[in-house]
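**Student:** Listed below, chain by chain, are the residues.
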Amino acid sequence: MHDMLKGKCRFISSYAAALLGCGATCIRIEKNVERIARTFGVHVDMTLLPSHVITVVWDKDYTHSYNCQSKPTGEAIDFCRNIELSKLSWQIAEDKLLYEDAANRFEKIISQPRLNKWLVLLLTSTANASFCRLFGGDFKAVGIVFCATLIGFLLKQIMLEDKIDLRITTVLSAFVASVIGASGYLFGISGTPELALGTSVLFLVPGIPYINAGSDLFAGHYLCSVSRFIQAVILTICLSLGLCGGMFLMQMNFFN
Amino acid sequence: MELLFDILQDMLFSALAAIGFASISNTPFSAMKYCALLGAVGHSLRFVMMNYMGIHIVISAFVAALIIGILAIPFAPKAKCPPETFSYPALLPMIPGMYAYRAVQGLVLCLSSNDESAFDHYFYLMNFNGLTCVIVVAGMVLGVTLPIFVFKRISFSATREMIKD
Amino acid sequence: MTTHLIFTWFSIISFVVVAILARCIARFNGLSNHYRFIGFEGKEDYFEYDDDDNDDENYK
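Protein chains in written order, with the numbering used here: chain A, 6 to 261; chain B, 43 to 207; chain C, 3 to 62.
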């Protein structure tokens, strides 16, 4: 009984930690875990904290329990993993998987690699350049922003691979992107240089943590909501610091 | 005709932006076409409401986000993905960057101003732009999250395999 | 004034480009696996080195 509960608790705990680490909303984690626990025939009480997941698993009659604490795994937001883990919870519920099979599938999902980083680099640069166009920049400004994002995002990817802190990465990346974005002013290339400078750092804005914070607020997970919000605000401040540093160095003291 | 051309251009670039930001969050390719569609629809709707119907940015952003959120619900079971997989990246092109920059610019200028009237002016600019930015983002988040909670059953069973009868 | 700024711009960009190229070349040649100096996340070894006498069992 104890081993069975232990195995199920550890599985549920690492499942919830993986979902939290890949940026899923708290209500999704709760619903998936509830579904898995119902299929496994156990009762689960879960506490979702910003940097920890505490799981307590009880057997059917509330006579034995096992608890486990995990830290969120995974480095960045990963919707693929989110989808696969949600699918897994439905597979467990409908195909009545045993927890060993579930654990094997879980390991396979966790070890899947992310999208090709060069493709992501190209798509992000295109996206930021489109952003510039949406704000009304002319095509030369769009070209400047494309180059700025290419080098800025490449730098960010390399620094993150080297496990440098995300905040320092954001500052340096924003600094380099804004220096390149200032070339519109410096060389008199574009007709809308202020838009080139302004949009060259927008690829670093952590949009999804803000939206996740809103969803958690709705669902009543105020601690997680505030924590995600503050994380996103700190990254935004780092981005602004990098931008201000770049502007200061290039002696751009204004933008219209 | 010019209106149509403007809208099409807006749709194209916001679709590209949505795809790019979706790729940063490692969205699967099967979901990316829905991201592009929702991004295009949402942003062009906001564009039309703001520029041709004269509606304030806060309301247009909220309505556009609501439409994105509502459209994501029927697409979710088709793509076998949770609706937030495509609605969150589709929202990112609508983040009001310029207001945020003007707010920060106002802050820097008001701290470095010498007399009261200049300080007041920059303080007003900072507050106006900062508040607009915050309320627009809050409205967008509300608009996109509301449908997920209203249509809970569909949102949380989107990744289910089809039930064979 | 502008030439000074252009000079600053070129030096920053060249530094970044050279740093990125050097990093990519080092990684391609597998050099970076031998020494890792930067570790902000508090890993137990700030210096990991390829020592044949090392008993890797302890780190698993």
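By construction, these hints were calculated from the structure, which means they are not laboratory data.
Any given hint could be a false lead.
Unchecked claim - Now the stretches of chain B that chain A is said to cover, found in silico as 3 or more residues with beta-carbon under 8 Å:
#	segment
1	76-87
2	112-124
3	127-138
4	190-198
Stated by the list, open to error - Cross-link-like lysine-lysine pairs, in silico, DSS-like; alpha carbons within 25 Å at most:
#	chain 1	residue 1	chain 2	residue 2
5	A	Lys11	A	Lys113
6	A	Lys36	B	Lys120
7	B	Lys194	B	Lys120
8	B	Lys75	A	Lys92
9	B	Lys194	A	Lys36
10	A	Lys113	A	Lys36
11	A	Lys101	B	Lys194
Beta carbons are placed, not taken as given, at the ideal position from N, Cα and C, and that holds for glycine.
**Student:** Hint by hint, note whether the structure agrees.
**Tutor:** A quick look at each hint next to the structure:
Restraint check on the segment 76-87 of chain B versus chain A: 1 residues with Cβ-Cβ distances below 8 Å, three needed, restraint violated. With 3 residues carrying a beta carbon less than 8 Å from a beta carbon of chain A, the segment 112-124 of chain B meets the three-residue requirement, and the given coverage holds. Residues of the segment 127-138 of chain B with a Cβ under 8 Å from some Cβ of chain A number 7, which satisfies the need for three, so the listed coverage holds. Here's how the segment 190-198 of chain B fares: 3 of its residues keep a CB closer than 8 Å to some CB of chain A, so the rule of at least three is met and the hint holds.
The straight-line distance between the Cα atoms of lysine 11(A) and lysine 113(A) is roughly 21 Å, inside the 25 Å bound, and the hint therefore holds. The hinted pair formed by lysine 36(A) and lysine 120(B) meets the criterion: a straight-line CA distance of about 21 Å does not exceed 25 Å. With a CA separation close to 16 Å, the supplied pair lysine 194(B) and lysine 120(B) stays within the 25 Å bound. Annotation: proposed proximity of lysine 75(B) to lysine 92(A) holds, straight-line Cα distance about 20 Å (limit 25 Å).
With a C-alpha separation of about 10 Å, the suggested pair lysine 194(B) and lysine 36(A) falls inside the 25 Å cut-off, and the hint holds. Distance hint between lysine 113(A) and lysine 36(A) is fulfilled; the C-alpha atoms sit about 22 Å from each other, no more than 25 Å. Between lysine 101(A) and lysine 194(B) the CA atoms are separated by roughly 23 Å; this keeps the pair inside 25 Å, and the hint holds.
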